[in-house]
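Participant: Fit chain D to the given chain L structure using the hints.
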Amino acid sequence: MIIDSTLMFDLFLVTFACFSAGAVGALVTARSPTLARVVGHAGALVGAITALTFGLVGLAGGSMQLNVPNLLPIGGAAFGVDRLSAFFVMVVATGAIPATLYAIGYTREYTGKHSLAGMGFALNIFIAAMILVPLARNVLTFLALWELMSLASYFLVITDHEHEETLRAGWVYFVMAHTGFAALFLGFLLLAQTTGTMNFTDWGVAAKLNPGSHNLIFILFALGFGSKAGVIPLHVWLPRAHPAAPSHVSALMSGVMIKLGVYGLARVAFDWFGVGPAWWGGLVLVVGAVSAVLGVLYALVEHDLKRLLAYHSVENIGIILLGLGAGMLFQAHRLEALAALSLIAALYHTLNHAVFKSLLFMGAGAVLHATRTRNMEELGGLIKRMPQTAVFFLVGSLAIAALPPFNGFISEWLTFQSLLLSFQISAHTVNLIFALGVAALALTSGLAAACFVKAFGITFLALPRSEPAALAHEVEWTMRTAMAALALACVALGVAPFVILAPLDATAFDLIGAHADMRFDWNALVTNDGFGWVAPLWIALGLGAFLIAIPLALGLMGTNKRRRYYETWGCGRALQTARFEYTATAFANPFKRVFALLYRPVKELDIEFHPESRYFVRTITYYNEGRLIFEDALYRPLLRLIRALAHGARVMQSGNVHSYLAYILVALVALLILAV
Amino acid sequence: MFTEIAIEISELLIVMFGSPLLVGVIRKVKARLQGRRGATIFQPYADLCKLLSKEAVVSENTSWIFRFTPYLLSTTMVLSALIVPVLTTRAPFGFMGNIIALMYLFLLGTFFLALAGLDAGSAFGGMGSSREVALAALAEPTVLIAIFGIALRAGTTSLDGIITRFAADPLLMLNAGHLLAFFAFFIVALAENGRLPVDNPATHLELTMIHEAMILEYSGRYLALAEWAAGMKLFLFLTLLSNLFFPWGVALANTPVTLCSAFVALAIKLAFFAAAIAMIETAVAKLRLFRVPELLAGSFTIALLAVVTSFFIK
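For the record, the sequence lines run as chains L and D. Residue numbers are given in this note's numbering: position 216 of the first sequence equals residue 216, and the series is strictly consecutive. Residue numbers are given in this note's numbering: position 40 of the second sequence equals residue 40, and the series is strictly consecutive.
Okay, chain D solo, but in the shape it has when bound:
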């Protein structure tokens, strides 16, 4: 029991302290691809520290919702880190929820962030909130259908169960349905985390912004928490993508060797995804807001195809 809790805490620490690094790596790779030198990969840590030491300026129109949201947002992400199998399928808190519960926990954070966007009474915040919830709502069916596709093959919606099943029987993954579900989930991950081509995380104060518009009023420790939570969300989504669809390396039993190799495997998979995102963000322009539903509809169709293929190709 003691070792299990130690493992759970180390998973938590990996997500909490690894997420700024992941953001830093994406930015660095992107900079190099675009011919810039870019800041060091540790820059996000420095940013967070600086924000934490600054005084917070809060709009006088806001209510407690605005001040509460950053704490709730980081809470949902930290709690999700306990549910997501980061290193091992044998974590003690995995029983808290299956993948559906996890998605609703993410939605809880989005809900409050959108409220906070409206709270200051600025047109920017309202704009961001409105767009964010629209995209989140449209992404939701894809997420669930992709989950359906996975559950059909793995016979379970529990995160640990899916990984165990796929790791035990890798041939299950060798079919078109699995690949389609992966693509659908990947597109949703981009949309949910405000990455290109849906939202540009690098724009600040442009009328095209979505996530940035919602957190425009935040400063000081509140902004630090919101940024950190966004980093953790990206980290968790990419971890899900790596471990659900490419379960190699995830520890199925808790021994020092498997855990260390799980850590290395996770690092490699995340580095790969970070590079992929950096490449996409370099190569692709942001879509117009009203073209995004077409992208999401596309990913929905892909996910549905994933489900249909698994009915016919068992």
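Same shape as in the complex, but just chain L:
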């Protein structure tokens, strides 16, 4: 389809007019916090809606070219759009629309405490930068926007800057983001040097000529984009920064921002380099598998609701990379149709994760808003106090646990199909890697289901474990509407995947040059001519039909319909309190024991006895914490090394102006020699 590029261009301009209006409007109305809150977020909301339209038109085949010559040095600011870019614009907008609507209500509590004008300003910049990153078409445009995105989100993360912990989280995020940036910077410059151009559009042809010589560049890109995506072991910032940010920002960062790392990897692997060596795909696959399994294992023992969700982002990025890596491996083995299938699985999971993770973070935000705590051990019983939020969170939980008929199921099913179809590759090592990938994905989805039984069950079910939880109330309508929209999207993407599979197939065709090995229409998906099939709409209809039929049949059979409410049975104890309930710690304990090798739990039991007799206990303190092996084994030594090096470099800093002048001279001469 050829679409008049003026339509795309108009949408592009309207989008950024809205974000600018939001950003400036928030600053102008700074005097009145309420006005600043509404203006800032409403501007972003309208901007995100037009961005969604932009993305959809782009996916339908629209194109656009835009060069602003003098905005940036070397080639100016260049923008363009293809289906892959349009898809990611759509993903960003899908997360941003509910997030900004939600923010209108959610940021009310910040009134008087923090600058709502500043928050509105930074949020507009943040979302606008995320929309522009996939559209960037030369090195400097990309890097400038990438940095803008990191900086804006850094300021949003440290909104609650009076807490020491938040500042620390922000600092870790800042450092990791810039380490990644440095890797990207090097990668981009090296690639620009080997291809002789800074324009992305020319790289596809230039780099494909000799992909084998780009190993170093690939590694640099993998590091840079991987650290933004939060793959293990570059994930350390994610479980710190995401929970510290206000919940709508957490939703944006976890649901959307880390996806741009996936965008980068997809762009590198399928566009710029074309078919790379097989080990690139193997590396991505293995990193994905490790991230998926370890991410969910760390989530399981986490009792801070938002940090639990952040670890799940590590897991889901892992699942996406499993699909991406599989696609790269298939491409390296010249199985283009299967490569397209894997890429579609990865992209579909990207969209799905943006939907359900935003939903879950907003649900967690609603809980935090109502109870002032993220600690699951103090929650419980919220399903009776916040019934609608509970339903939305449950939908998100079912979707992330990949259960039918929700969206996560479809994309994980597709990922399974592409991994299982790997038997068409005839190389035993690759086959075995794929087999372990299947096992890792299976373990991940099982553990994710377990984790969300915990997250939902402990937070929403049974009796409240603290007074704030007992006094919780339902949140206001903007927040509920945002969550309802996302919950509906979870269902829609789960029962009608054909709607999004068609444009994804076109995207994959653009990049790989082959259609996916799959047939789909409104009633079923069939992979590889009958290798696997699933009919999500029919499963949903079947579930609905039997859910109605079974109670009806029981009624017709004359079943006893009476119901009596009575207290929970408890071995004859006198009264039931929340202290009899299973805690989150107890729930996770089997996992802690089974995977003790990973968690390396430190257990301590302090019992203070009564001075008169050891048979009376005054206090019992039980301490059971896992250690974070990546922090201990990888980052500690690294930091120690950096500190030692910095200490050594201090010798140079004499404080004497003359020696500094001498350094400058030496540096200048050295550079001149190098240049010659």
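Take the hints with a grain of salt, since some may be wrong.
Unchecked claim - Below, a list of computed lysine-lysine pairs in the DSBU-like style, where the Cα atoms sit at most 30 Å apart:
1) L:Lys-561 x D:Lys-50
2) D:Lys-286 x L:Lys-592
3) D:Lys-286 x L:Lys-603
4) D:Lys-28 x D:Lys-286
5) L:Lys-561 x D:Lys-54
6) D:Lys-28 x D:Lys-269
7) D:Lys-54 x L:Lys-384
8) L:Lys-384 x L:Lys-561
9) D:Lys-28 x D:Lys-54
10) D:Lys-286 x D:Lys-269
11) L:Lys-592 x L:Lys-603
12) D:Lys-28 x D:Lys-50
It should be emphasised that the hints constitute simulated quantities derived from the structure, not laboratory data.
Facilitator: Here is chain D on its own, set in the frame of chain L:
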């Protein structure tokens, strides 16, 4: 079309009404092996009828999740009965999902049952839920790898396709990989259905219980539905084991003769599996909870071996 729907409905009825009988047979054989006379094999029907006629007592701490779960659980099982090829590979609703979709449908039931276990706020329920999801999660990789092993040989993950392929070319099954995949799947079936040595279905109110702990708060029609769903799950797993690994007798075309012989063959295979389970439950003691992961890791290794052998022995 009409006959196909009639066949599908009869398959559904076989699962719905055959599952209590299967449970009854296992209990009877077990009783005889242990030197007891045991209740009649129709006892589970009587139990279900009695439960259905009783008033339900529901904990006042619970929410709608607790009351909804038994219906959802039985719904997932009835829906699975439409997907699993019980008598024939030519059932009209087989297109709803392949074996992976089926496993996730089972997981949907487990998910809600575990939530219901937490809902009453009792320590028993939480304990059951926690253990159940742990075992389900650890069993999941084995299931998928065993499926991988089968799919490698049959070239498909569709249930009907696997049976058709193996029935057409029985020599495919004559290799070590097939046997290994069978053992792995069998161990998982025991774990998923709460049978010994993983969980003891006969214990009630012991600290070792898993499934029973989750449904401890249920009574009346809710308990009846939960028990019935558990019976159907066992029935479906054993049907899968019989028909995927021993496809003889499954009707490949829908004629009265093949369907009748499929029914007889299924009855014989299920009776064999029922006897095997009864024997295992008589001979083996329950494992300690934290030894179960070792069993599952063992079955995972077996499944992986099944996959590896099929790479080398084509």
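Participant: L:Lys-592 and L:Lys-603: Cα distance at most 30 Å?
Facilitator: Judged against 30 Å, a Cα distance of about 11 Å means the pair holds.
Participant: Can the restraint linking D:Lys-28 and D:Lys-286 be considered satisfied, given a maximum Cα separation of 30 Å?
Facilitator: 20 Å, holds
Participant: Need the status of pair D:Lys-28, D:Lys-269: alpha-carbon distance at most 30 Å?
Facilitator: 17 Å, holds
Participant: Check whether the Cα positions of D:Lys-54 and L:Lys-384 lie no farther apart than 30 Å.
Facilitator: Between D:Lys-54 and L:Lys-384 the Cα gap is close to 27 Å, so the pair holds against 30 Å.
Participant: Holds or violated: are the alpha carbons of D:Lys-286 and D:Lys-269 at most 30 Å from each other?
Facilitator: OK: D:Lys-286 and D:Lys-269 at ~25 Å, within 30 Å.
Participant: Hint check: L:Lys-561 vs D:Lys-50, CA-CA at most 30 Å. Holds or violated?
Facilitator: With a Cα-Cα distance of about 13 Å, the restraint between L:Lys-561 and D:Lys-50 holds, given a limit of 30 Å.
Participant: Would the pair L:Lys-561 and D:Lys-54 pass a check requiring their Cα atoms to be no farther apart than 30 Å?
Facilitator: 8 Å, holds
Participant: Are D:Lys-286 and L:Lys-603 close enough, with their CA atoms no more than 30 Å apart?
Facilitator: 28 Å, holds
Participant: Is the Cα-Cα distance between D:Lys-28 and D:Lys-50 30 Å or less?
Facilitator: 20 Å, holds
Participant: CA of D:Lys-286 to CA of L:Lys-592, is that 30 Å or under?
Facilitator: Within the cut-off at roughly 22 Å; holds.
Participant: Taking only the CA atoms, is the gap from D:Lys-28 to D:Lys-54 under or equal to 30 Å?
Facilitator: Roughly 26 Å separates the two Cα atoms, so the pair holds.
Participant: Is it true that the CA of L:Lys-384 sits at most 30 Å from the CA of L:Lys-561?
Facilitator: Satisfied, since the Cα-Cα distance of roughly 23 Å is no more than 30 Å.
Checked against the numbered hints above, the structure violates none of them.
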